[in-house]
Amino acid sequence: MMGDAIDDIADITRDLREVVWRSVNLGVDDAHWCYRLHYFHWGRHMRELALYLHARQFG
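Residue numbering for the sequence shown follows our numbering, starting at 896 and increasing by one per position.
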């Protein structure tokens, strides 16, 4: 489902942008903490997106 894939990309982007912001503004340690904290969320979206793309590519 294309809408779900777009939602996955948006959520992944949002979470990783926060990591970059924290790295620039609060430091690498805080960014690393945020990366690990949000991995549960964006990692799931990444997996769902990979499954969707695989299904589109290979049917």
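FYI, nobody ran anything at the bench for these hints, they're computed from the structure.
Just so we're clear, the structure is a prediction, and the values are computed from it rather than from any experiment.
Positions of the beta carbon are idealized from the N, C-alpha and C atoms, including for glycine.
Keep in mind that a hint or two might mislead.
Claimed, not checked - Computed spacing ranges between beta-carbons, pair by pair:
(1) Ala945 to Trp916: 21 to 31 Å
(2) Phe953 to Trp928: 29 to 39 Å
(3) Gly954 to Val923: 39 to 49 Å
(4) Val919 to Phe953: 16 to 26 Å
(5) Thr908 to Leu946: 28 to 38 Å
Structure-based check of all given hints:
1. Look at Ala945 against Trp916: about 25 Å separates their beta carbons, and that is inside 21 to 31 Å.
2. Range check, Phe953 to Trp928: about 37 Å between beta-carbon atoms, so the 29 to 39 Å window is met.
3. Taking 39 to 49 Å as the suggested C-beta distance range, the pair Gly954 and Val923 conforms, at roughly 43 Å.
4. For Val919 and Phe953, the Cβ-Cβ distance of about 39 Å falls outside the hinted range of 16 to 26 Å, so the restraint is violated.
5. For the pair Thr908 and Leu946, the beta carbons lie near 18 Å from each other, so the given range of 28 to 38 Å is not met.
When held up to the earlier numbered hints, the structure conflicts with 4 and 5 and fits the remainder.
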